[in-house]
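Chains as they are written, first to last, in the working numbering: chain A, 1 to 359; chain B, 1 to 137; chain C, 1 to 129.
These are computed hints drawn from the structure, not numbers from a lab. Be aware that one or more of the hints could be misleading.
Sample of chain A residues facing chain C (criterion: CB under 8 Å; computed from the structure) [said to hold, decoys possible]: (1) Ile60; (2) Arg63; (3) Leu124; (4) Gln141; (5) Thr185; (6) Val186.
Computed list of lysine-lysine pairs in DSS-like fashion (alpha-carbon distance at most 30 Å, straight line) [what the hints assert, rightly or not]: (7) Lys313(A) x Lys93(B); (8) Lys8(C) x Lys181(A); (9) Lys313(A) x Lys50(B); (10) Lys313(A) x Lys165(A); (11) Lys37(B) x Lys313(A); (12) Lys44(C) x Lys8(C); (13) Lys93(B) x Lys105(B); (14) Lys53(C) x Lys115(C); (15) Lys115(C) x Lys29(C); (16) Lys50(B) x Lys109(B); (17) Lys67(C) x Lys53(C); (18) Lys181(A) x Lys29(C); (19) Lys37(B) x Lys259(A); (20) Lys115(C) x Lys47(A).
These numbers come from a predicted model, not from an experiment. Just so you know, even glycine gets a beta-carbon here, dropped at the ideal spot from N, CA and C.
Residue-level listing of the chains:
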Amino acid sequence: MTKQIIVPFGPQHPVLPEPIHLDLVLEDERVIDAVPSIGYIHRGFEKLVEKREFTEYTYIAERTCGICSFIHGATYCQAIEQIMNIEVPERAQYLRVIWSEYSRLHSHLLWLGLFADAFGFENLFMGAWRIRERVLDVLEQTTGGRVIQGSAKIGGVRRDISGEKLDAMVKDLDILDREMKDLTTVFLEDESVKHRLRNVGILSREDAYHLGAVGPTARGSGAAFDLRMTGYGAYDRLNFQLVTDSCGDCYSRCLVRAKELFTSTDLIRQAAKKIPDGPIDVKVTGAPNGEFFMRAEQPRGELVHYVKGNGTKFLARSRIRTPTLTNIPPLVKILQGCELADVPVIVLSIDPCISCTER
Amino acid sequence: MMLPPQSITPIEVGRLVGNVERFRNEGYRLVQIGCTKVADHYEINYCFDKDYMFEVLRITVTADTEVPSITGMYWGAFIYENEMHDLFGIQVKGMNIDFKGTLIKTRVKFPFSQAAEKVATPKPAPAKAEPKKEEAP
Amino acid sequence: MVFFEMTKTALKSVLSKPATILYPFEPAKKTDLSRGHVVFDGSKCISCGICMKKCPAQAILVTKEAKTWQIDRFRCIVCNSCVDTCPAKCLSMDTQYTAPVSVKGVEVFTITYVKPVKPPADKAGAAGE
Ligand code: SF4
Ligand code: SF4
Numbered sequence: 001m002t003k004q005i006i007v008p009f010g011p012q013h014p015v016l017p018e019p020i021h022l023d024l025v026l027e028d029e030r031v032i033d034a035v036p037s038i039g040y041i042h043r044g045f046e047k048l049v050e051k052r053e054f055t056e057y058t059y060i061a062e063r064t065c066g067i068c069s070f071i072h073g074a075t076y077c078q079a080i081e082q083i084m085n086i087e088v089p090e091r092a093q094y095l096r097v098i099w100s101e102y103s104r105l106h107s108h109l110l111w112l113g114l115f116a117d118a119f120g121f122e123n124l125f126m127g128a129w130r131i132r133e134r135v136l137d138v139l140e141q142t143t144g145g146r147v148i149q150g151s152a153k154i155g156g157v158r159r160d161i162s163g164e165k166l167d168a169m170v171k172d173l174d175i176l177d178r179e180m181k182d183l184t185t186v187f188l189e190d191e192s193v194k195h196r197l198r199n200v201g202i203l204s205r206e207d208a209y210h211l212g213a214v215g216p217t218a219r220g221s222g223a224a225f226d227l228r229m230t231g232y233g234a235y236d237r238l239n240f241q242l243v244t245d246s247c248g249d250c251y252s253r254c255l256v257r258a259k260e261l262f263t264s265t266d267l268i269r270q271a272a273k274k275i276p277d278g279p280i281d282v283k284v285t286g287a288p289n290g291e292f293f294m295r296a297e298q299p300r301g302e303l304v305h306y307v308k309g310n311g312t313k314f315l316a317r318s319r320i321r322t323p324t325l326t327n328i329p330p331l332v333k334i335l336q337g338c339e340l341a342d343v344p345v346i347v348l349s350i351d352p353c354i355s356c357t358e359r
Numbered sequence: 001m002m003l004p005p006q007s008i009t010p011i012e013v014g015r016l017v018g019n020v021e022r023f024r025n026e027g028y029r030l031v032q033i034g035c036t037k038v039a040d041h042y043e044i045n046y047c048f049d050k051d052y053m054f055e056v057l058r059i060t061v062t063a064d065t066e067v068p069s070i071t072g073m074y075w076g077a078f079i080y081e082n083e084m085h086d087l088f089g090i091q092v093k094g095m096n097i098d099f100k101g102t103l104i105k106t107r108v109k110f111p112f113s114q115a116a117e118k119v120a121t122p123k124p125a126p127a128k129a130e131p132k133k134e135e136a137p
Numbered sequence: 001m002v003f004f005e006m007t008k009t010a011l012k013s014v015l016s017k018p019a020t021i022l023y024p025f026e027p028a029k030k031t032d033l034s035r036g037h038v039v040f041d042g043s044k045c046i047s048c049g050i051c052m053k054k055c056p057a058q059a060i061l062v063t064k065e066a067k068t069w070q071i072d073r074f075r076c077i078v079c080n081s082c083v084d085t086c087p088a089k090c091l092s093m094d095t096q097y098t099a100p101v102s103v104k105g106v107e108v109f110t111i112t113y114v115k116p117v118k119p120p121a122d123k124a125g126a127a128g129e
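The shape of chain A in the complex, shown without the other chains:
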């Protein structure tokens, strides 16, 4: 029997912008087991509900994540709206879809960049982030924040987008589409990239489904579910196709995200065409009494905001189950049996967002 050694990976590691620690049990170069540990930056957001009124908690919920922030805020608002039976105006629902999809674009482009960096393609990394800047500009012009949009509120949205601005945004999408096409071709066609990603870190459909993988990690393995299909917000009035792939390796996960970019731009176009005129918010009175599990699709997968109100201004409980938390067990499974040199790429391929995980 070969000798086993333990190599610590993280919490500070060049490929990881955020702290997660993995103890890798190695036999020669092969990883036998991986033991994750988190908890380096736990912030206790869920505890804060007892001290902040539920309306202000929107801002805190939004700051759970620095990348998919808008979707966090909107999902929390939707949970409260469900409990309080608030009918959100149509226009607000469409605006939420538009901002959610821009967030998705920005998150996926960010990830593609980081992923390129992880397999050592610096130039591609810069290219992805240059395109992402376009998306961030639109977000800042329409909401006032580059990454923390802060435009969702209970009962609607806080800002409107004018008709001209929407037209300009749609026109810009064509340029964006063209640039993203060039970018994703490199990811999906270039032989050196393919060579690095194909057959690395395979997750079977069975494992993905039962270990609780969500989002592109699950869809890359052929487990086809996307919470947008449940039609929350205005998604039931828009058409889109699920992107899935069956191989379950790093390349598949990359492919799913790359193709989802175009789904997002398409959704924005549809929403911009269908968006009705009207008010953007309704007045909210009273306090929530009841509970609801609101599920939404984040760039990283399914997000659950559980809210329990007790009829006062302070909620009894808010639980945020972020996609990365549930993607950790599949990650551990993928790592078992891989090569040490592949670990950084595999860890990044699930798009870990540790700050999200440690609400």
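Guided by the hints, dock chains B and C with the ligands onto chain A, whose structure is given.
Just chains B and C with the ligands now, kept in the frame of chain A:
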């Protein structure tokens, strides 16, 4: 659009494993396990999903009840169960990977099982300095 | 087999203008809606304390007696909540980000608003600046 209301099935702790096994056999996936403190007991919600059908099982326990682990059916559940143990102090028996309270290390032990007052939040300090001249806006 | 797919983009980048700006020699990008920092207008504030209650970061402290309004810019998360809820409209959001400083501290402003009272003669003289 309002979403349909969700059904929550309260069950006893003893019947948890059997029920979860049924979900597993029917092909549900585990969405999450979450704990809530209500007065002096805890509610634990087990959420499952199959083709967007959402099911919730709920058990109600006290701080010293031993909750059976469901990692036998859902291997990935260890992350939620350890979290539940570290934040609420719920005793979970038979986890496949037991971090023994080191998954989330907190200064206060089991912070979520205490009332909010005990976990202090700093208040803004009252102004001690002389009010300085107002700056031009 | 596709090799050197990146060459096209790389060549284009060499020939085009840089995508970045030479900050701080060129000003950073900002838009009309950018949330930079909260600006307080002491002449309109009615010391109601709503901003203090509605601030999710507990960055604001309004002292009625001392007539001061103070903000801890290090706590402030620039969420715009106070600006939205202030009934007297004395808060506004500037697009300029807070300048970096080397010591932590709070900024204290004086509330100079005077309630228009029926006989304004002596009271206004005492409280105004
Ligand atoms: S912007 Fe937000 S965080 Fe800052 S002082 Fe106002 S309410 Fe508080
Ligand atoms: S700033 Fe506005 S909200 Fe705050 S105390 Fe003054 S009037 Fe009230």
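Unmet hints by their number, sorted upward, for this structure: Violated hints (numbers, rising): 7, 9, 10, 12, 15, 16, 19 and 20; every other hint is consistent with the structure.
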